[in-house]
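These are the residues of each chain, in order.
2 protein chains.
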Amino acid sequence: MEKRDQVSEYETLTWSTFGWAARQLAQAVADDGFRPDLVLTVARGGLLPAGAVGYALDVKDIRLINVEFYTGIQQRRDRPVLLPPVPPADELAGAKVLVVDDVADTGATLDLVRDFCAEQVAEARCAVLYEKPHSTVKCEYVWSRTDRWIRFPWSGQPPVVVR
Amino acid sequence: MEKRDQVSEYETLTWSTFGWAARQLAQAVADDGFRPDLVLTVARGGLLPAGAVGYALDVKDIRLINVEFYTGIQQRRDRPVLLPPVPPADELAGAKVLVVDDVADTGATLDLVRDFCAEQVAEARCAVLYEKPHSTVKCEYVWSRTDRWIRFPWSGQPPVVVR
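Read top to bottom, the protein sequences are chains S and L.
Residues 208 to 370 (the working numbering) make up the first sequence, in order.
Residues 208 to 370 (the working numbering) make up the second sequence, in order.
What the hints contain is simulated information worked out from the structure, not anything from laboratory work.
Any given hint could turn out to be false.
Because identical chains cannot be distinguished in the list, a pair is counted as satisfied if it fits within a single copy or across any two copies.
What the hints assert, rightly or not - Using 25 angstroms as the maximum straight-line C-alpha spacing, the simulated DMTMM-like pairs for lysine to aspartate or glutamate come out as follows:
hint: 1; residue 1: K267; residue 2: E218
hint: 2; residue 1: K303; residue 2: E216
hint: 3; residue 1: K303; residue 2: D354
hint: 4; residue 1: K303; residue 2: E218
hint: 5; residue 1: K339; residue 2: D297
hint: 6; residue 1: K345; residue 2: D239
hint: 7; residue 1: K303; residue 2: D285
hint: 8; residue 1: K339; residue 2: E298
hint: 9; residue 1: K267; residue 2: E298
hint: 10; residue 1: K339; residue 2: D244
hint: 11; residue 1: K267; residue 2: D285
hint: 12; residue 1: K267; residue 2: D312
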């Protein structure tokens with residue numbers, strides 16, 4: 208296995224590059240002729256890309272789904288789970304949905320969301336800023352591919368500390 | 208009335224300043240001793256600040272509410288309306304909620320969300336990047352006050368055009 212220096216372990220996304228990336232991602236969706244009825248935001252990581260892509264595509268109907276690898280009691284699960292509130296089946300029925308997340312890493316989260324959508328919507332396509340090579344989901348729209356750890360601008364710093 | 212030159216009509220928020228602003232907003236919430244159970248995102252404008260503030264406060268439970276001044280048939284209403292899916296009453300019961308939006312302009316949107324919360328939650332406080340002087344809602348947490356038109360980084364450009 209190739210020895211890496213410390214610099215190459217990380218991919219750092221800045222705020223301004225994020226803005227440009229989200230715009231390019233939206234452009235790829237538009238150029239592909241996909242006109243989603245709604246954007247399904249995968250929280251939390253998808254909130255910022257979904258917002259930026261939603262504006263860039265002029266999609267006003269934004270929905271949210273919470274997916275976590277952790278249970279309420281802080282035990283890690285083998286697989287991610289949908290956390291309540293899960294969108295009711297009839298809410299998304301028949302819609303063309305653009306699922307937006309920050310990264311397809313293992314792919315398990317987006318696999319779960321795709322399965323959820325498959326039972327309900329007319330069509331679901333996935334858009335992510337990054338996709339890792341080992342992801343089990345192959346997203347229709349990907350801004351960049353990397354196998355490095357990604358520092359997103361919203362999660363690159365630890366939470367604030369009370370002063 | 209004071210005559211303004213064109214430059215002063217706009218306040219332009221860049222992506223990098225937005226990142227810094229969201230962090231400062233979260234710091235103000237933390238310093239105030241408010242520990243929200245969940246972040247209620249006011250879509251669409253609140254998506255990006257809610258995501259960034261949620262990460263900065265380490266709040267994992269993110270909810271979404273859609274508010275629009277327009278009906279489905281593109282008629283403007285006098286007042287904003289909650290669009291479906293409206294979070295069911297029992298979902299937010301007893302929670303301490305941080306409502307996050309981009310701007311309190313007239314205040315009508317946040318007034319509506321506050322009224323909605325008042326019937327359901329233990330406590331709701333509002334955090335916005337900007338508050339206008341004429342806003343009917345006085346938010347607990349405000350990053351900046353201005354009476355100018357604000358160009359947010361996600362809505363400063365028109366939607367993408369198919370190439």
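Within, between, both or neither, where K267 and D285 count as close if Cα-Cα is 25 angstroms or less
between (35 angstroms within a copy, 19 angstroms between copies)
Homo-oligomer pair classification [E216, K303; C-alpha up to 25 angstroms]:
neither (37 angstroms within a copy, 39 angstroms between copies)
Notebook entry, point to check: What label fits K267 with D312 when the C-alpha limit is 25 angstroms: within, between, both, or neither?
Noted result: between (28 angstroms within a copy, 19 angstroms between copies)
Exercise for the section: Indicate which option fits the pair K267, E218 if close means a Cα-Cα distance not exceeding 25 angstroms: within, between, both or neither. Expected result: Result: close only across copies, 24 angstroms inter versus 31 angstroms intra.
With identical chains, the pair K303 and D354 could be close in the same copy or across copies; at 25 angstroms between alpha carbons, which is it: within, between, both, or neither?
Neither. Shortest intra-copy (30 angstroms) and inter-copy (39 angstroms) distances fail the 25 angstroms Cα cut-off.
- Task: With 25 angstroms as the alpha-carbon cut-off, assign the pair K345 and D239 to within, between, both or neither.
- Result: within (16 angstroms within a copy, 44 angstroms between copies)
Discussion item. Cα distance capped at 25 angstroms. Does K339 pair with D244 within a copy, between copies, both, or neither?
Written reply: Neither: 27 angstroms inside a copy, 32 angstroms across copies.
Notebook entry, point to check: Between K303 and E218, at a C-alpha cutoff of 25 angstroms, which is it: within one copy, between copies, both, or neither?
Noted result: neither (32 angstroms within a copy, 36 angstroms between copies)
Exercise. How do K339 and E298 come out at 25 angstroms by Cα distance, when the copy is not named: within, between, both, or neither?
Worked result: So K339 and E298 fail the 25 angstroms test inside a copy (31 angstroms) and across (35 angstroms) alike.
Regarding K267 and E298, is the shortest C-alpha distance of 25 angstroms or less found within a copy, between copies, in both, or in neither?
Both. Shortest intra-copy (15 angstroms) and inter-copy (24 angstroms) distances satisfy the 25 angstroms Cα cut-off.
Have a look at K339 and D297 and pick one of within, between, both or neither, based on CA distance no larger than 25 angstroms. neither (33 angstroms within a copy, 39 angstroms between copies)
Within a copy, between copies, both or neither: which one fits K303 and D285 at a CA-CA cutoff of 25 angstroms?
Classified as neither; 30 angstroms inside a copy, 30 angstroms across copies.
Taken one by one, the earlier hints fail for this structure at numbers 2, 3, 4, 5, 7, 8, 10, listed in ascending order.
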